[in-house]
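A.B. asks: With the hints as extra help, turn the sequences into a complete structure.
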Amino acid sequence: MANTVLYPGDTIGVIGNSANAAMLVTTARKMGLRVGAYGADETSEALQLADFKAVGSNKDSDKLQHFAESCAAIVYDSDQVSTSVVKFLAQYTRIPQGSDMLEMMQDRLLERAFFEQLNVNIAPYATIINLDDVYQSINSIGYPCVLKPIQKEWSRGRELVIKTQTDIAKAAGLLDWGTYILESQIAYDREYSIIVARDQEGNGQAFPITETQSVNDRPVRTWVPAQVDDAVAGEIQRIATEVTKHVNYVGVFEVSFYLTSSGAIYVKKIVPAPSETGYVFDAAANLTEFDQHLRAIAGLPLASAHILTPAVTAAFTTAQLPAMQTQWQLKANWDFTFYHLKHQEADDVMGHIAVQGDSIKPILDQLDDTGIWSTGAVAPEAPSEPTSNNQD
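The sequence shown maps to residues 1 to 392 in full-length UniProt numbering.
Don't take each hint at face value.
Cut-off 16 Å, straight-line C-alpha distance, at most; resulting in silico cross-link-like pairs (EDC-like, lysine to aspartate or glutamate) [what the hints assert, rightly or not]:
#1 Lys-269 - Glu-116
#2 Lys-163 - Glu-183
#3 Lys-87 - Glu-69
#4 Lys-268 - Glu-116
#5 Lys-87 - Asp-62
#6 Lys-331 - Asp-348
#7 Lys-269 - Glu-103
#8 Lys-87 - Asp-100
#9 Lys-269 - Glu-191
#10 Lys-170 - Asp-217
#11 Lys-152 - Asp-217
#12 Lys-245 - Asp-100
#13 Lys-63 - Glu-42
#14 Lys-163 - Glu-153
#15 Lys-63 - Asp-41
#16 Lys-331 - Asp-368
FYI, nobody ran anything at the bench for these hints, they're computed from the structure.
C.D. replies: See the structure below:
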């Protein structure tokens, strides 16, 4: 693929409405690019920060076309962006990220077929069309397991954890929505992620491995350096390299993993966009995932990322805001970032904190002492000190 370079003064467009959109706009402007943002809400932070904004829906083909023709290239902010919109825009301008990887990772069956092609370990699963399929598959899948819709965009409120046979009947109403997968719940000790940038020529450059604690499949706390032994780190890096070789994509993407008590590594998912786990590099490293993402998009050489200081990020929800306001007055070492997203519910993430320190354990202890993140997460044991593989 020919390398196409964006220079200062060239125009780049940003689509999407996650917190990443505003971060992409800010980073692109810092690089000297002229930035446009497209979205339905003209008061969104991304549209407010951009050099120019286009207000329209994902179904307004005329506005989408005009926006695309105004940009030398367009980036999307998250894996929630509509693939049909990306494909439409690609008729009128360059979208280096493409739609192939996005489409594959939004469909759980396509995603698993890709993992199987790479011959990596994933949770056992079965395709479910009706209730009989659940009863027939449960013996091979085992308890506990999760019923998930094929399309990830439908997941909120349409997943079911099945712990015993009596829970299966609850699936009847959900299956009216379409095809599902039944997936085994992996009992894991730790979660890891690796963020990789892929340039226009297919070369990859990985960030140091991060360790994460999640609640309901949403990262809550992330830190680097990760406590990970050499063998596990090597396998994570090998899988990330294989993914890089087999995708049609330019920019950063995340591959996340479960590690069990027996040392088995399972691939959890891939996010074909900047990821929440990558926010930790803003505080910990010599460059951010947004810097690297836009370097790849702009056809610039990929930088080598390394850790400058141990750091932890912790997400907070709207419901946790009163507790965070208390800490606002107390914690001199907490750096707050608010996303300024509209119409948030109590459990929606509204921002995160980043905390630097000499080592990870005292930072995690400080967060634990506040009690803010004490419910919901089953946290792995906090690392005492980084092991021999510090990933820096």
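A.B. asks: Does each hint hold? Answer for all of them.
C.D. replies: Results of checking the hints against the structure:
no., hint, verdict
1, Lys-269 - Glu-116, "13 Å, holds"
2, Lys-163 - Glu-183, "12 Å, holds"
3, Lys-87 - Glu-69, "14 Å, holds"
4, Lys-268 - Glu-116, "13 Å, holds"
5, Lys-87 - Asp-62, "15 Å, holds"
6, Lys-331 - Asp-348, "23 Å, violated"
7, Lys-269 - Glu-103, "13 Å, holds"
8, Lys-87 - Asp-100, "9 Å, holds"
9, Lys-269 - Glu-191, "11 Å, holds"
10, Lys-170 - Asp-217, "21 Å, violated"
11, Lys-152 - Asp-217, "12 Å, holds"
12, Lys-245 - Asp-100, "14 Å, holds"
13, Lys-63 - Glu-42, "14 Å, holds"
14, Lys-163 - Glu-153, "24 Å, violated"
15, Lys-63 - Asp-41, "14 Å, holds"
16, Lys-331 - Asp-368, "13 Å, holds"
Of the numbered hints given earlier, the model fails hints 6, 10, 14; all others are met.
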